[in-house]
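Novice: Please work from the sequences and hints to get the whole structure.
So the protein sequences, as listed, match chains R and S. According to my numbering, the residues represented by the first sequence are 1 to 571, in order. According to my numbering, the residues represented by the second sequence are 1 to 369, in order.
The set of hints was computed from the structure by calculation and includes no laboratory data. Fair warning: there could be bad hints in the mix.
No farther apart than 27 Å at their CA atoms in a straight line, the calculated lysine-lysine pairs in the DSSO-like style are these [as the list claims (entries may be wrong)]:
hint, chain 1, residue 1, chain 2, residue 2
1, R, K491, S, K103
2, R, K156, S, K185
3, R, K396, R, K278
4, S, K299, S, K170
5, R, K378, R, K278
6, R, K85, R, K346
7, R, K141, R, K155
8, S, K110, R, K346
9, R, K516, R, K362
10, R, K396, R, K198
11, R, K362, S, K170
12, R, K177, R, K156
13, S, K170, S, K181
14, S, K185, S, K299
15, R, K243, R, K198
16, S, K181, S, K110
17, R, K411, R, K278
18, S, K170, R, K496
19, R, K496, S, K141
20, S, K170, R, K45
21, R, K463, R, K243
22, S, K170, R, K156
23, R, K411, R, K441
24, R, K378, R, K491
25, R, K378, R, K346
26, S, K103, R, K177
27, S, K110, S, K170
28, S, K299, R, K362
29, R, K155, S, K103
30, S, K110, R, K155
31, S, K103, R, K362
32, S, K185, R, K45
Please read these numbers as outputs of a predicted model, since none were measured by experiment.
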Amino acid sequence: MAHVVVDPITRIEGHLRIEAIVDNGVITDAYSSGTMVRGFEKILKGRDPRDAWAFTERACGVCTTVHALASVRCVEDALGISVPKNAELIRNLMFCTQYVQDHVVHFYHLHALDWVDVVSALSADPAETSRIASTLSNWPKTSPGYFSDLQNRLKKFVGSGQLGIFANGYWGHSAYKLPPEVNLIGVAHYLEALQWQKDIVKIHAIFGGKNPHPNYLVGGVPCSLNPEEVNAVNMERLNHVGKLIDDATTFVEQVYFPDLLAIAGFYKDWAAVGGGLKNYLAYGDLPTQGYNQPDAFKFPRGAILDRNLKEVHEVNGRDAAEITEYISHSWYSYAGGDQVGLHPWKGETEFNFTGPTPPYEKLNVEGKYSWLKTPRWKDNPMEVGPLARLLVAYAKGSTEVQDVVNEALQKLDVPVTALFSTLGRTAARGLETRLVVRWMKGFYDDLIAQVRSGELSTFTREKWEPSTWPATAEGVGLSEAPRGALAHWIKIQDRKIDNYQLVVPTTWNGSPRDPKGQRSSFEESLIGTPMANLDQPLEILRTVHSFDPCIACAVHLYDPNGKHLHQFRFE
Amino acid sequence: MDSKPTIWQTMQQKGYSRRDFLRFCGFAATVAGIQSTGLPGVVQAFEQKPRPPVVWLHFQECTCCSESFIRCSHPIVADVLLDQLSLDYTETLQAAAGFQAEKCMQDTIKNYPGQYILLVEGSVPMNDGGVYCTIGGRTAKQILDEAAGGAAAIIAWGSCASNGCIQGAKPNPTGATPIHKLVNKPVINVPGCPPIADVMVGVVTHILALGNLPTLDSQGRPREFYSRRVHDTCYRRPYYDAGMFVESFDDDSARRGFCLYKMGCRGPVTYNACSVTRWNQATSYPIQSGHGCIGCSEKGFWDNGPFYQHLAAFPGFGIESTADSVGATVAAIATAGVVAHAVTTNIRKRKLIHEHKEESVQETKGGDR
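Specialist: What follows is the structure, given as structure tokens:
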């Protein structure tokens, strides 16, 4: 039996440590630890609620914008603000932009090197690579010359002896299964995706001024629509957005999705690895009739227990009995002891670091071992993310989702149960990207129709002035980050933030055990994962990366003085 | 005695206080720049390898700087990674993890002493022994100390590494500390949340291609990108000068793109390249898309809110004092030309300034905020 430590887990956002117990080449237990905290919560207290989006957006620069969206929603929910239709459409376009960029970057730049052997690509035959590539899609960059030029560039790079970001990779590991030619295609598209991703985010710049971290606004969006003005979002700007959507659709359909299928075809054994939890949670998103009409969301809301796709449970962010958080294995303490779970409204945060003094070799996993708290839905550990979203939509009968999922299963010739796996999770991300680019075009067309009809409003001023607010107010902002269910809770008192809390995707997925000893997603899904070489954690990376971890926003506030914080928390 | 009046005498005659003068000196120092020293031999060192080795550390951050970096368009980031730099360690992109990743950093530190560039994203938590950010079981501070020692140059990416950014906002619960306060060598600060992609690459390639280090201001920022206020180069500046302001988001003035000063724009106190270089391949920048600048490249900008309340004083010397405060007098004397121009500009606006001060103070007293 061996104790394997992987720290840092790279190609993620933030600082994550995995400790795993390996017996006879198979992982038998695992521990996930978030090792960085910043402490936003005390910083937010007392500030203007209309500023909160900017603060919380900085929770994560990889899934930028999603915290801003959840934030303006929770403030609007608290104050009873409904945003104009144009603002809903522009927010949806920004949301979709984020999904497409983020999922493509995740697939190629954070995840692909778990499946694609860069060194093997050096021995590919460019002509054969060209032949294979041209069977995958109509993407034009498939000539033998294109691939041989790339290969020569790669050879020169490797020959320099300076491998840069590819240094010390697990090249040649027995778990790499792709032929050299497919590896070369993977490397080519790694570089092409790197170049493409910078373009799609121009949609954020057009509506929000910049990316990462575009601007949002309580009550709408900050940009104005005006087809008579060069100084506003006019037809030139809208054309630019339309072109970027078309380009994104092409990239997803001709590069990302074909690559996903091609690579998955060689790794079908990973459809039986990394299944993890059997419960899935999605808050849903992409409203079409306002935030308070979740039945009209493109991504529906709901929870699935024990992989029973025949029943989707209702989820209510306001219900104090549904979402609770535990700290039995987190570096915090509650007044009521380590065994209780608290709803976010009643949360406490008292710093209680009991870990080893750095530098350390091992965490005490029997005790507290992470800066992440442990959220539960009706006391169940839940997986969140693209797979959860697709499963909830699938189970709720969305034919659009069912068609996309079934098509992929058919092409790969695998049963629906293949979805419950590391490979399924990675595939789900690609499948929903196909849906998102389609929806994006729809939102764009709707926005054009609005402008054509003369409806230009992007902001409602009604409750902008704090003097119009009640003395106290509270709200919930539910959303779906690319990595999964995201929610912000706010309590406003005397026109200032009195309490602001977040429960974020990687807190659900990457948290330590709860008091009952139930594992969260990362830990549960690693069990049963084979490890060919204990010194090379390639298989651990595959499963952990399939969740697209994002740690910076998953950690809670701590109080450095050990002071008891009854009401204010930032997770 | 020379009959030519000193700048201070001139300003006294125009009715400025000593305090105004000192603040103004700070502004002038930033405009003039203060030559960076103590970074010798860097370029020579870099010329010894085909691609200079680079270590990119991640501490208390949100990875927005890394995300911004990969948005660069000239050159594109793939060319930077394959042809210009050897990015030997970056948790965001590198293939290796855990032990193998750590070894990448150790190898560079060992094999290229005095020859690698250290890029740091994120602040370092100094409270409670640094337990709030550990990587591979070691604290951020321990890792920084090890990596900084042999670095030929250190660049602090973004506001986190330059000034503590959001985790350094009041009450700074983790003791988040910027890099320049923790290392005994000069640090090039490239603030912003995040910095503009092509500015980031511009700073690195300035060193490599031009064979010298960019001139820094007294806050360690390259003058090349941080010597102009967003306000001074804003395409909406004529509306400010003409007194044409947006009074509410999406009002008729907003739809015509008037000045966002009254919506809280921090352009007048923010030194950055946004309104010239713009963002995402010069597609836009915050003001162009209808939202005021929040001042994300300025030290302490999170505590300079609420964001939608407009500045209390504008554009007198008070606001410029944020730019610099050290060595100001010397710099001001050395840059009399700049000072004289600035004085003229400000005096011309005196009346307008006065009107806005009155309004701002009145609103603040109103009690909504």
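Novice: Which numbered conditions among the earlier hints are violated in the structure presented, ordered from lowest to highest?
Specialist: 1, 2, 6, 8, 10, 11, 19, 21, 22, 27, 28, 32
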